[in-house]
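Read top to bottom, the protein sequences are chains A and B.
Position one of the first sequence corresponds to residue 27 (the working numbering), numbered consecutively onward.
Position one of the second sequence corresponds to residue 35 (the working numbering), numbered consecutively onward.
The set of hints was computed from the structure by calculation and includes no laboratory data.
Given the structure is predicted, the values throughout are model-derived calculations rather than measurements.
One thing to keep in mind: the hints can contain errors.
[What the hints assert, rightly or not] Distance windows between CB atoms, simulated:
1. B:Ile324 <-> A:Asn106: 53 to 61 Å
2. B:Ser137 <-> A:Leu146: 20 to 28 Å
3. B:Trp329 <-> A:Ala102: 55 to 63 Å
No residue lacks a Cβ here, since even glycine has one placed at the ideal position from N, Cα and C.
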Amino acid sequence: MTVSQSTVAARATKPGHIKAVRAVQSVLLHILAIGLGVIFIAPFVWMVSTSLKDVEQLYTQAPKLIPNPMRFENYAEAWNSLPFLRYTLNTSFITVSCIVLEVISCGFVAFGFARMNFKLRDFWFGVLLASMMLPGSVKMIPMYVIWRNLGMLDTYVPLILPAAFGSAFYIFLLRQFLLGIPRELDDAARIDGCGYLQIWWHIMMPLTRTALITVAVFTFMGAWNDFFGPLIYLTSDAKKTLALGLRIFQGQYGSEDHLLMAASVIVLLPCLMVFMAAQRYFIKGIALSGLKG
Amino acid sequence: MLKLKLPGSRLERIENIWGYIFIFPWLFGFFALTLYPMLFSIRISLSNWNILGRPRYIGFDNFIDLFYDERVRTALYNTIYMAALNIPLCTAMALGLALLVNSNLKCVSIFRTVYYLPSVVSGISLMMVWTWILDPSKNGLANMFLGLFGLGPLSWLKSEAWSKPSLVLMQMFLVGGGMVVFLAALKNVPVQLYESAEIDGASAWTKFTKITLPMISPTMFFQVTMGIIGYFQNYAANFIMTGGGPADSSLVLGLLIWRQAFEWYRMGSAAALSWILFGIIMIFTIIQLIGSRRWVYYEAAQGGDES
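Generate coordinates for the entire structure from the input sequences, incorporating the hints supplied.
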């Protein structure tokens with residue numbers, strides 16, 4: 027009797043005990059999450075903080091998080107020390123062109139793979155998947171030679187035109203997304219007299235908006251931050267991009283870290299804004315892509 | 035596949051043609067921007083060419099020269115060293131973050147965004163910041179952090195011993211993409227498995243090692259494979275932050291290929307080295323593929339039908 031009573035008592039107390047453990051665990055998890063969050067954000071905060079300091083605060087005094095006085099002039103100084111306006115326009119042109127071409131071409135090809143029946147479709151899709159595994163470094167040198175033979179060095183063509191042919195990963199991502207859209211929509215549209223092009227443009231493209239935004243955001247980040255592409259292909263100063271500009275800046279003003287940080291903030295800011303504007307779409311887009319391994 | 039087909043029906047032929055019209059951009063790109071350059075690269079790798087004159091066919095001399103090149107050995111050592119550090123650490127970090135944002139956190143979407151942010155916006159500007167954070171002086175943020183524990187200051191990127199770990203340290207903060215992929219995998223683990231384990235009185239650690247890890251092992255395999263392929267070729271941080279230095283301590287194969295091609299104009303040698311790198315990546319991928327049979331768990335119902 028007593029044994030069973032005590033086990034009953036133990037059972038009765040167990041939930042309270044577990045609750046306490048759970049609460050402690052939860053607090054520890056939050057501390058860990060916040061600690062990591064601070065570390066992940068620190069580079070950005072440090073970047074802005076440094077960009078507002080003067081030389082004396084940078085190297086002689088003990089470093090402070092909030093600079094006093096704040097030198098907003100650093101930004102103007104950094105901006106005017108190189109043709110950053112020119113670089114921004116060049117980079118924007120390349121980036122926007124890449125986004126438009128990439129979104130349309132990847133959407134187009136993905137529609138073919140997801141919705142059309144044609145000979146060797148599965149074979150070509152296998153080739154597409156396999157091509158993602160090919161190391162790209164082998165292509166770098168021959169591509170340079172090819173563009174050089176075509177007389178395309180020091181133009182934006184080598185940086186933009188490849189986007190018109192889609193990229194395997196984005197095509198794969200969009201195809202997975204399209205497979206989740208009911209076939210009845212296609213059939214209904216066919217009955218209403220839509221051709222394949224109309225189904226693609228008027229029905230599938232709007233329905234895959236989330237995934238297309240994902241592609242657009244990643245293309246933006248890739249093109250905006252592309253360093254080696256412009257470094258290989260662009261030689262004249264007037265055609266250079268922000269990433270190259272930052273590198274030149276580092277070479278010329280390398281010892282003035284406050285100005286370098288101000289310039290870096292300028293280059294990074296559009297990326298941050300795009301990230302913030304689109305993050306709720308593209309985290310979902312990636313998670314939905316069926317990248318389960 | 036048992037669908038009754040009228041051979042060569044008109045509609046089928048039209049759909050066939052349209053199918054190829056739709057995939058044409060990729061198909062053209064595959065031949066013109068992937069296959070042809072790769073074949074062309076073989077030809078370049080077998081010749082002596084400074085890009086200005088005509089390439090001169092020299093057989094496998096480039097490969098033989100590279101085999102005896104001291105620099106190639108240094109770069110190979112550094113590449114494997116950095117990959118051996120980067121891939122386990124970054125995979126663990128990505129999985130850890132995914133577990134964290136998969137748990138019952140308040141404001142979980144904010145944490146997810148914060149951990150994801152650096153990986154998305156990463157580029158030369160973030161590398162500039164990290165170079166400044168890893169400044170060897172006492173005013174570098176990393177050294178200030180070590181100072182809190184009475185350690186340091188370290189020379190980080192400026193020291194031969196620390197240049198490689200320093201770069202990997204930065205790369206550990208760029209694992210947001212992996213985190214999101216792991217998170218998707220964690221969400222796919224059936225809750226019933228955890229519930230029945232709890233009834234059996236399994237500890238959190240047991241649940242993690244006996245349920246979570248086997249269930250997400252295909253994702254882990256995918257991440258590690260893509261990590262090997264991507265990271266062995268990666269040299270952006272080495273180029274921008276250390277330039278391969280000091281004393282070639284962070285010179286990796288990708289960077290050496292770049293130098294051969296665009297600084298020394300030894301196109302043949304550079305192309306040959308890129309094929310050697312290709313071969314090394316293949317070897318490690320195959321090792322990983324064979325090893326994976328021991329640790330990757332595919333659900334019987336799916337019959338290994340993972341893509």
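Please list, smallest to largest, the hint numbers that this structure does not respect.
2
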